[in-house]
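Student: Spelled out from the first residue to the last, the chains are:
Number of protein chains: 2
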Amino acid sequence: MPHRRTKAIMSALASLSNRQVRLARRPTGLPTRDDWSFTTEAVAEPGDGEVVVKTLALSLDPAMRGWMNDAKSYIAPVALGDVMRAGGIGRVVASRSDRLKEGDLVTGALGVQEYARFGEADARKAGLAKIDPRLGSITQWLNVLGMPGMTGYFGLMDIGQPKPGDTVVVSGAAGAVGQTVGQLARIKGCRVVGIAGGRDKCDWVVGELGFDACIDYKAGDVKAALKEHCPKGIDVYFDNVGGEILDAALARLARGARIVICGAISQYNNMQAMQGPKNYMSLLVNRARMEGMVVFDYVDRFPAAIAELAGYLKDRRMKSKEDVVEGIENFPEALTKLFTGGNFGKLVLQVSAG
Amino acid sequence: MPHRRTKAIMSALASLSNRQVRLARRPTGLPTRDDWSFTTEAVAEPGDGEVVVKTLALSLDPAMRGWMNDAKSYIAPVALGDVMRAGGIGRVVASRSDRLKEGDLVTGALGVQEYARFGEADARKAGLAKIDPRLGSITQWLNVLGMPGMTGYFGLMDIGQPKPGDTVVVSGAAGAVGQTVGQLARIKGCRVVGIAGGRDKCDWVVGELGFDACIDYKAGDVKAALKEHCPKGIDVYFDNVGGEILDAALARLARGARIVICGAISQYNNMQAMQGPKNYMSLLVNRARMEGMVVFDYVDRFPAAIAELAGYLKDRRMKSKEDVVEGIENFPEALTKLFTGGNFGKLVLQVSAG
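For the protein sequence lines, the chains are A and B, in the order given.
The opening residue of the first sequence carries number -16 in the numbering used here; numbering runs sequentially from there.
The opening residue of the second sequence carries number -16 in the numbering used here; numbering runs sequentially from there.
Just so you know, these hints were derived from the structure itself, not from any lab.
Just to be clear, a hint being listed does not mean it is correct.
[To be verified] Below 25 Å or equal to it, Euclidean Cα-Cα: the simulated PhoX-like pairs (lysine-lysine) are:
1. Lys108(B) with Lys261(A)
2. Lys55(A) with Lys55(B)
3. Lys84(B) with Lys108(B)
4. Lys201(A) with Lys261(B)
[Claimed, not checked] Derived list of chain A stretches under chain B, where covered just means 3 residues or more per stretch with a C-beta under 8 Å from a C-beta of chain B:
5. -2 to 4
6. 68 to 77
7. 175 to 189
8. 200 to 206
All residues carry an ideal CB built from backbone N, CA and C; glycine is no exception.
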């Protein structure tokens, strides 16, 4: 029997509408507004064991571009006509579940919509989990304490295996994953060189985040700049971008280097053949390795990583920057910012103020 | 004071001439006869601590193409005008060293010449070491018991890390490294699929070496054939060739796969830009890794590996095939066979019958 407050909310839910963004067609190259459809549904009341979550903010990620393709990958494509997959933070506004109560803040795959309803199995599949707002702001929970932070943490620590004194290079340095990787490497005693697009991002990465150097790939020769800033070679290269920058890093590896393949944003909208790293034989010359990682493999260890990173946020050894776009209706244009380098910091779509 | 026999040999040496092949210019693309010069020198008598080795047979290896380029690699380029670097087997014909005596069979970097003279430091640098002819024939000492065998052994065991039941794929399967890799993987309990050029090589690899299957890359679609022969995906891919075949293997990786980067023979004479593996993002999707290896890193462990492989030769669990070309004057044409797929088995240049 739902208690009184839930009853009241449920009648309130009936008067609400749920705006949604659905995948209308599979894009070629950079997605446009025409690739999406916009629907509005009534907010369904929770059944037994179900919860209704109001979306507060959504994470916009490069990986989303891959989910739009009809190709085998580490996760199924979004089906045509489905609400676009997106991780986010929301508030439970109605609950008939024992696990979550109204008012709880949660993280999970809410989708690009204003309200999401979950049964128990759906909630597990969506990774729905309560978050502690004392550990970080809502946008930080989508950044350092969210998937990008977890990706940076496990990619660097498990695959990159940095040792104190190592030279760590990270591309997309001002982006969500990059800021965690670079700051964490600094905390672990490494020399850290970022690669980012534009003077503002580079200045911020060095001035605010404490990287030792940052290379503006829009300003000149990345290969020459890596030579200057990595005189002893690169021990760990954390790659978010692929393409020419990956090749420049390969040309500068130290003996026994580790390359973490986390993404290839320069290639996601490539309508030509994918560009492979033509300098990959540097792996042989330098006895180096290149290894891919998918953050979902580390879910069991998220709590410990979140606790560690929240500690760094609290004692100010780590900072974060989010680029917040408001309004679910602006999702299509917001997403494309990722691929043009238009965002500065972790890109977040604020769907509701509270 | 040299004893009597050495004195006699030394006067005999003086009447001998040493034919040599030197690097005359750096080739573009496939080397031709014009890239070499042919010289004849007197055989110098050994000084104190020195030995003179008569070359019996030389190993012709794909890596030689890289040594001809003026580019930074895991080993210095051969200088213009120098005797071409080559590993081989020889017999000590004169010795003023305590470490080796006349008649000893040795392996080491003898160079493409009929006689080589080594002081103690030179001998160390050339890796000059006595071999035991009871463990294998002279050509086997250049194959399974030599650098190709060591490359296959440590590349497979240390980098590939095969487990019983794994599917192991090796390109250049009928070549020197490939035959060791495939047979060793079979002995370790893996399912083994080779890739080789032509029906004869494939038939031999399956019929004589006991591979489970072999794909003739000249006969058709390697990607489709890998799908057929590796229904559960590839756990270990040992790459000797690069190019399209590496891409086909990347497209068929199992979760957690290991790719051993040992060579890229398809690209060594490429006059265009090196072709990078455009499917490298499969490393991410499959949480796989690609790692380079250089055999010289494992020198300390050669004796144990040689003992293990010699045991397999002795009990007939492992076979070997060498393709022997006779005559130092035929070195240029023999070398190019490697790059046109013209050799069948480990390519050996026999310089002297004994």
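Student: If a hint holds in the structure, say so; if it does not, say that too.
Tutor: Evaluated hints:
Restraint check for Lys108(B) and Lys261(A): the C-alpha separation of about 32 Å exceeds 25 Å, so the hint is violated. Taking the CA atoms of Lys55(A) and Lys55(B), the gap is about 39 Å. The hint is violated against a cut of 25 Å. Restraint check for Lys84(B) and Lys108(B): satisfied, since their Cα atoms lie roughly 19 Å apart, inside the 25 Å limit. A hinted pair counts as satisfied when its Cα atoms are at most 25 Å apart, and Lys201(A) with Lys261(B) qualifies at roughly 24 Å.
Only when three residues or more bring their CB closer than 8 Å to a CB of chain B does the claim for the region -2 to 4 of chain A stand; here the count is 0, and the claim is violated. Counting residues of the region 68 to 77 of chain A whose CB falls under 8 Å from any CB of chain B gives 0; the rule of at least 3 is not met. Coverage of the region 175 to 189 of chain A by chain B is violated [criterion: at least 3 residues with CB-CB distance below 8 Å; count 0]. For the region 200 to 206 of chain A, the assignment as covered by chain B is violated, since 0 residues bring a beta-carbon within under 8 Å of that chain's beta-carbons and 3 are needed.
Checked against the numbered hints listed earlier, the structure breaks hints 1, 2, 5, 6, 7 and 8; every other hint is satisfied.
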